[in-house]
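*Asks:* Sequence:
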Amino acid sequence: MRKGGITRRWMFNSLAVILVMLLVFGVTFVLSMRSYYYKSVEYSLSSRLDSLSSFLEQVDFGNSGGSAFAVSAREFVENFQDKEKVEMQIVDADGEAVVSSTGFAPESGQAPDYREALSDEDYRGVWVGHTAGGEHVMAVSLVIAGPDGTALGGLRYITSLSQVDRQIFLLIGVMVLVGAVVLFFVMLSGSYFINSIVRPVAEINRAARQIALGDYDSRIEKKTNDEIGELCDTINYMAGEISAAERMKNDFISSVSHELRTPLTAIKGWAETLRQGGATDQELTEKGLDVIVGEAERLSGIVEELLDFSRMQGGHLVMRFGRTDVLAELSEAVFLFRDRAVREGIELLYIEPEALPPVLGDPARLKQVFINIIENAIKYSNRGGRIRVETADMGAHVQIVISDTGVGISKEDLPNVKKKFYKANKTRPGSGIGLALADEIIRRHKGRLDIDSEEGVGTTVTILLPVAPPESPLPA
23 MRKGGITRRW MFNSLAVILV MLLVFGVTFV LSMRSYYYKS VEYSLSSRLD
73 SLSSFLEQVD FGNSGGSAFA VSAREFVENF QDKEKVEMQI VDADGEAVVS
123 STGFAPESGQ APDYREALSD EDYRGVWVGH TAGGEHVMAV SLVIAGPDGT
173 ALGGLRYITS LSQVDRQIFL LIGVMVLVGA VVLFFVMLSG SYFINSIVRP
223 VAEINRAARQ IALGDYDSRI EKKTNDEIGE LCDTINYMAG EISAAERMKN
273 DFISSVSHEL RTPLTAIKGW AETLRQGGAT DQELTEKGLD VIVGEAERLS
323 GIVEELLDFS RMQGGHLVMR FGRTDVLAEL SEAVFLFRDR AVREGIELLY
373 IEPEALPPVL GDPARLKQVF INIIENAIKY SNRGGRIRVE TADMGAHVQI
423 VISDTGVGIS KEDLPNVKKK FYKANKTRPG SGIGLALADE IIRRHKGRLD
473 IDSEEGVGTT VTILLPVAPP ESPLPA
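Residues in the sequence shown are numbered from 23 upward in steps of one, following our numbering.
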């Protein structure tokens with residue numbers, strides 16, 4: 023047995039409890055049977071004394087008293103028929119046995135049962151012990167009193183308890199045998215039960231180690247529908263989720279590497295062009311510097327997005343809440359993408375209302391969300407597509423809807439697009455963390471970000487932000 027293992031603990035806990043219970047039951051049963059047998063023997067001897075007492079009550083002791091008792095008692099001993107079963111003794115007033123039905127001289131000394139009988143109100147006493155020869159016996163005494171109440175002597179019945187003790191030992195043997203059989207079957211059934219737990223747990227341990235070492239395809243065979251089976255399902259599900267997360271992480275690293283490499287390549291290429299003589303051409307120089315500045319800003323945006331995502335993961339994403347004009351932030355975000363939309367042949371339609379109630383939020387973070395969603399709409403739209411941005415006052419909430427006629431998202435990918443590292447369309451650039459970050463920012467504003475999409479038709483992103491109450495305090 024493995025030290026500290028389940029089997030060892032079961033052996034030293036459950037089996038020990040069963041053993042103690044069997045022991046207690048066995049001892050209680052044996053003591054009860056011993057008491058029952060001994061009481062039966064005592065009752066039998068007492069019945070004999072009752073019959074002898076009735077006989078002696080018919081004797082007229084008169085003035086002779088003790089001599090009449092002795093003569094009658096000796097006569098009764100001589101005529102005693104059950105000498106082979108029970109020994110009868112006559113005891114004088116001092117408790118010394120003077121005659122025995124065995125024909126041998128009785129042991130000297132006052133019998134313990136006779137002393138008890140002298141102090142008992144019924145003049146009866148019982149003693150269980152061993153004779154001088156070592157035999158286990160039971161003795162019952164009856165004090166015979168004269169007309170004046172003086173003890174004339176007593177009668178004793180003595181019987182061996184050897185047969186009774188043998189019967190008790192036989193019962194003990196049977197109890198030990200039954201206990202051994204019970205323990206055997208308990209150990210047998212317990213061993214089967216423990217193995218049905220230990221073996222699956224060992225397989226689970228093996229699979230968990232393989233998963234920990236990076237083998238995410240390792241699975242556990244489910245053999246039962248109990249808690250062990252549920253644990254197998256859970257670990258298999260966990261392995262699948264870890265495998266999916268690992269794939270998304272690798273895709274994320276690949277996407278981020280590509281996203282970083284593209285602006286770096288452009289910056290490096292134009293820098294080398296300018297160094298190799300492009301500086302003499304003013305127009306080329308200005309174009310190159312514009313590209314370098316634009317790609318540097320793009321690179322800075324990617325790095326900032328990664329830093330924000332890292333802060334979000336660590337719970338350190340800073341929010342500076344205040345009464346915010348959400349319309350101003352949305353309008354600025356739309357303005358940033360007008361030229362890009364024109365360059366890529368996409369219509370950017372902004373339906374701007376006259377006013378919207380203020381919300382309680384962080385202006386910079388809300389603008390970041392709007393930029394992220396509009397950029398995604400452009401990124402996943404083809405030339406000739408349309409992006410529509412509109413808002414509405416819903417009373418308790420401000421609603422911002424950004425819809426496009428782009429490639430859309432499949433039904434399989436739609437539930438996962440807000441998860442970190444997840445990219446529904448790997449043919450378009452992006453890191454896969456923008457929507458996860460946007461959703462976290464809106465959630466921190468106690469709002470909601472919903473995405474509805476159909477593949478080949480387009481995507482609609484709906485943002486709901488609670489309206490700030492008058493003179494609302496900053497949230498904790």
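No wet-lab data here; the hints were simulated from the structure. The structure presented is a predicted model; accordingly, all values stated were derived computationally and were not measured. For every residue, glycine included, the Cβ atom is placed at its ideal position computed from N, Cα and C. Hints should not be assumed to be uniformly reliable.
As the list claims (entries may be wrong) - Below, in silico cross-link-like pairs of lysine-lysine (DSS-like), each with a Cα-Cα straight-line distance of 27 Å or less:
{"hint": "1", "residue 1": "Lys401", "residue 2": "Lys441"}
{"hint": "2", "residue 1": "Lys440", "residue 2": "Lys468"}
{"hint": "3", "residue 1": "Lys290", "residue 2": "Lys244"}
{"hint": "4", "residue 1": "Lys245", "residue 2": "Lys290"}
{"hint": "5", "residue 1": "Lys271", "residue 2": "Lys107"}
{"hint": "6", "residue 1": "Lys271", "residue 2": "Lys61"}
{"hint": "7", "residue 1": "Lys401", "residue 2": "Lys389"}
{"hint": "8", "residue 1": "Lys309", "residue 2": "Lys441"}
{"hint": "9", "residue 1": "Lys389", "residue 2": "Lys244"}
{"hint": "10", "residue 1": "Lys309", "residue 2": "Lys290"}
{"hint": "11", "residue 1": "Lys468", "residue 2": "Lys290"}
{"hint": "12", "residue 1": "Lys389", "residue 2": "Lys441"}
{"hint": "13", "residue 1": "Lys271", "residue 2": "Lys440"}
{"hint": "14", "residue 1": "Lys389", "residue 2": "Lys468"}
{"hint": "15", "residue 1": "Lys440", "residue 2": "Lys401"}
{"hint": "16", "residue 1": "Lys309", "residue 2": "Lys271"}
{"hint": "17", "residue 1": "Lys440", "residue 2": "Lys389"}
Stated by the list, open to error - Using C-beta positions, here's what the derived DEER-type ranges look like:
{"hint": "18", "residue 1": "Val340", "residue 2": "Pro492", "range": "24 to 32 Å"}
{"hint": "19", "residue 1": "Glu249", "residue 2": "Glu476", "range": "41 to 49 Å"}
{"hint": "20", "residue 1": "Glu263", "residue 2": "Gln421", "range": "31 to 39 Å"}
{"hint": "21", "residue 1": "Tyr58", "residue 2": "Thr172", "range": "55 to 63 Å"}
{"hint": "22", "residue 1": "Glu129", "residue 2": "Leu205", "range": "39 to 47 Å"}
{"hint": "23", "residue 1": "Lys468", "residue 2": "Glu249", "range": "36 to 44 Å"}
{"hint": "24", "residue 1": "Glu243", "residue 2": "Ile473", "range": "33 to 41 Å"}
{"hint": "25", "residue 1": "Glu252", "residue 2": "Arg470", "range": "45 to 53 Å"}
{"hint": "26", "residue 1": "Glu476", "residue 2": "Glu366", "range": "39 to 47 Å"}
{"hint": "27", "residue 1": "Arg188", "residue 2": "Val223", "range": "47 to 55 Å"}
*Asks:* The structure should be examined with respect to each hint, and the outcome stated for every one.
*Replies:* Hint by hint, here is what the structure shows:
1. Between Lys401 and Lys441 the alpha-carbon distance is near 19 Å, which keeps this suggested pair within the 27 Å criterion.
2. Taken as a hint, the Lys440 and Lys468 pair is honoured in the structure, with Cα atoms around 17 Å apart against an allowance of 27 Å.
3. Between Lys290 and Lys244 the alpha-carbon distance is near 56 Å, which puts this suggested pair outside the 27 Å criterion.
4. The straight-line distance between the Cα atoms of Lys245 and Lys290 is roughly 60 Å, outside the 27 Å bound, and the hint therefore fails.
5. Only pairs whose Cα atoms come within 27 Å are accepted, and Lys271 paired with Lys107 is rejected, the gap being roughly 96 Å.
6. Taken as a hint, the Lys271 and Lys61 pair is broken in the structure, with Cα atoms around 85 Å apart against an allowance of 27 Å.
7. A C-alpha spacing of about 18 Å is found between Lys401 and Lys389, which places the hinted pair at or below 27 Å, so the restraint holds.
8. About 39 Å separates the Cα atoms of Lys309 and Lys441, which puts this hinted pair outside 27 Å; it is violated.
9. Distance restraint check for Lys389 and Lys244: the Cα-Cα separation of roughly 50 Å exceeds the 27 Å cut-off, and the hinted pair is therefore not satisfied.
10. About 14 Å separates the Cα atoms of Lys309 and Lys290, which keeps this hinted pair within 27 Å; it holds.
11. Distance hint between Lys468 and Lys290 is unfulfilled; the C-alpha atoms sit about 43 Å from each other, more than 27 Å.
12. For a cut-off of 27 Å, the pair hint linking Lys389 to Lys441 stands: about 21 Å separates their Cα positions.
13. Distance check on the hinted pair: Lys271 and Lys440 sit about 14 Å apart at the alpha-carbon level, within 27 Å; holds.
14. Restraint check for Lys389 and Lys468: satisfied, since their Cα atoms lie roughly 16 Å apart, inside the 27 Å limit.
15. Using a Cα cut-off of 27 Å, the hinted pair Lys440 and Lys401 holds, with the two alpha carbons roughly 17 Å apart.
16. Restraint check for Lys309 and Lys271: the C-alpha separation of about 36 Å exceeds 27 Å, so the hint is violated.
17. Between Lys440 and Lys389, the direct Cα distance comes to roughly 18 Å. Compliance with the 27 Å bound is thereby established for this hinted pair.
18. Our hint of 24 to 32 Å for Val340 and Pro492 holds, since their Cβ atoms are close to 26 Å apart.
19. Between Glu249 and Glu476, the C-beta spacing of about 42 Å keeps the proposed range 41 to 49 Å intact.
20. For the pair Glu263 and Gln421, the beta carbons lie near 34 Å from each other, so the given range of 31 to 39 Å is met.
21. The hinted window of 55 to 63 Å between Tyr58 and Thr172 is violated, with their beta carbons roughly 38 Å apart.
22. At about 46 Å, the beta-carbon gap between Glu129 and Leu205 stays in the expected band of 39 to 47 Å.
23. A beta carbon spacing of about 39 Å between Lys468 and Glu249 agrees with the range 36 to 44 Å that was offered as a hint.
24. Taking 33 to 41 Å as the suggested C-beta distance range, the pair Glu243 and Ile473 conforms, at roughly 38 Å.
25. Between Glu252 and Arg470 the beta carbon distance is about 33 Å. The supplied range of 45 to 53 Å is therefore violated.
26. The given range of 39 to 47 Å is broken by Glu476 and Glu366, whose C-beta atoms sit roughly 22 Å from each other.
27. For Arg188 and Val223, the Cβ-Cβ distance of about 51 Å falls inside the hinted range of 47 to 55 Å, so the restraint holds.
Going down the numbered hints, you'll see the structure goes against 3, 4, 5, 6, 8, 9, 11, 16, 21, 25 and 26, while the others check out.
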